[in-house]
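For the protein sequence lines, the chains are A and B, in the order given.
Note that the working numbering numbers the first sequence so that position 30 is 30, with each residue one more than the last.
Note that the working numbering numbers the second sequence so that position 71 is 71, with each residue one more than the last.
Hints were generated in silico from the structure; no laboratory data involved.
C-beta atoms are modelled at their ideal positions from N, C-alpha and C, and glycine is treated no differently.
Do not take every clue at face value.
[As the list claims (entries may be wrong)] Far from chain B, some chain A residues (derived; all Cβ distances over 12 Å):
| # | residue |
| --- | --- |
| 1 | Gln6 |
| 2 | Thr20 |
| 3 | Ser33 |
| 4 | Gln37 |
| 5 | Tyr50 |
| 6 | Asn55 |
| 7 | Arg57 |
| 8 | Glu102 |
| 9 | Gly108 |
[What the hints assert, rightly or not] Taking lysine to aspartate or glutamate pairs in the EDC-like style, the calculated list, with each CA pair at most 20 Å apart, reads:
| # | chain 1 | residue 1 | chain 2 | residue 2 |
| --- | --- | --- | --- | --- |
| 10 | B | Lys42 | A | Glu102 |
| 11 | B | Lys45 | A | Glu102 |
| 12 | B | Lys42 | A | Glu82 |
Here is how the chains run, residue by residue.
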Amino acid sequence: ETGVTQSPTHLIKTRGQQVTLRCSSQSGHNTVSWYQQALGQGPQFIFQYYREEENGRGNFPPRFSGLQFPNYSSELNVNALELDDSALYLCASSLPGGSSYEQYFGPGTRLTVT
Amino acid sequence: RKEVEQDPGPFNVPEGATVAFNCTYSNSASQSFFWYRQDCRKEPKLLMSVYSSGNEDGRFTAQLNRASQYISLLIRDSKLSDSATYLCVVNMASGSARQLTFGSGTQLTVLP
Numbered sequence: 001e002t003g004v005t006q007s008p009t010h011l012i013k014t015r016g017q018q019v020t021l022r023c024s025s026q027s028g029h030n031t032v033s034w035y036q037q038a039l040g041q042g043p044q045f046i047f048q049y050y051r052e053e054e055n056g057r058g059n060f061p062p063r064f065s066g067l068q069f070p071n072y073s074s075e076l077n078v079n080a081l082e083l084d085d086s087a088l089y090l091c092a093s094s095l096p097g098g099s100s101y102e103q104y105f106g107p108g109t110r111l112t113v114t
Numbered sequence: 001r002k003e004v005e006q007d008p009g010p011f012n013v014p015e016g017a018t019v020a021f022n023c024t025y026s027n028s029a030s031q032s033f034f035w036y037r038q039d040c041r042k043e044p045k046l047l048m049s050v051y052s053s054g055n056e057d058g059r060f061t062a063q064l065n066r067a068s069q070y071i072s073l074l075i076r077d078s079k080l081s082d083s084a085t086y087l088c089v090v091n092m093a094s095g096s097a098r099q100l101t102f103g104s105g106t107q108l109t110v111l112p
């Protein structure tokens, strides 16, 4: 069974630029969630994708957008980068529904905005 | 008020000690509960789910009190390898999505 993978592992961008982060979900998982984790904080929910559609969104501005592909992999796009966007971006995959609803995280992409 | 609140610590304990972490959540509609462990500069990993009846996994015991909206994690006989940040996590429905809401984490260091 293949776990969740993310690319790239590290990225440095300049304020105002755009970035695309990628995630491949765990085998058999069709739901992908993205989280932002600032230093010293817990992960914050950005949005979730299920069957190629956004299925829920946290308190993030529209410049955070995403896609899910037929193979369940996903992208997170961030436009007009700001310094506060510097964080670890985590992708998590899961199966929908179920009472326990466990999510499995990839290793993350560490984004630095200068 | 944060949706999930934890004591940030740090907790520094000797090997073999028993340590307890507490967590409260604000949304009474929360549906499921977890403890995740996160090592430095790594991704969170599921430690255990938390059930209303309480549950145990080796040295780890989790408790849930829905009436008080309170979750706990007890670690007995601490090992050096238990050093990590422990994240209290609540699963809430957001429309059709199930989103995880994380506390800020409690940092544990087990000392030799």
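Consistency of the hints with the structure:
1. Gln6: violated (9 Å)
2. Thr20: About 20 Å separates Thr20 (chain A) from the closest Cβ of chain B, which puts it past 12 Å; holds.
3. Ser33: Contrary to the label, Ser33 (chain A) does not stay out of reach of chain B, its closest Cβ about 7 Å off (not over 12 Å).
4. Gln37: violated (8 Å)
5. Tyr50: At roughly 8 Å from the nearest Cβ of chain B, Tyr50 (chain A) sits no farther out than 12 Å, so the non-interface label is violated.
6. Asn55: violated (4 Å)
7. Arg57: violated (8 Å)
8. Glu102: Glu102 (chain A) not clear of chain B: closest Cβ-Cβ about 6 Å, inside 12 Å.
9. Gly108: violated (5 Å)
10. B:Lys42 with A:Glu102: holds (18 Å)
11. B:Lys45 with A:Glu102: Holds, because 10 Å separates the two Cα atoms, which is no more than 20 Å.
12. B:Lys42 with A:Glu82: At roughly 24 Å apart (the allowed maximum being 20 Å), Glu82 (chain A) and Lys42 (chain B) break the hint.
In this structure, the earlier hints numbered 1, 3, 4, 5, 6, 7, 8, 9, 12 are contradicted, and the remaining ones agree with it.
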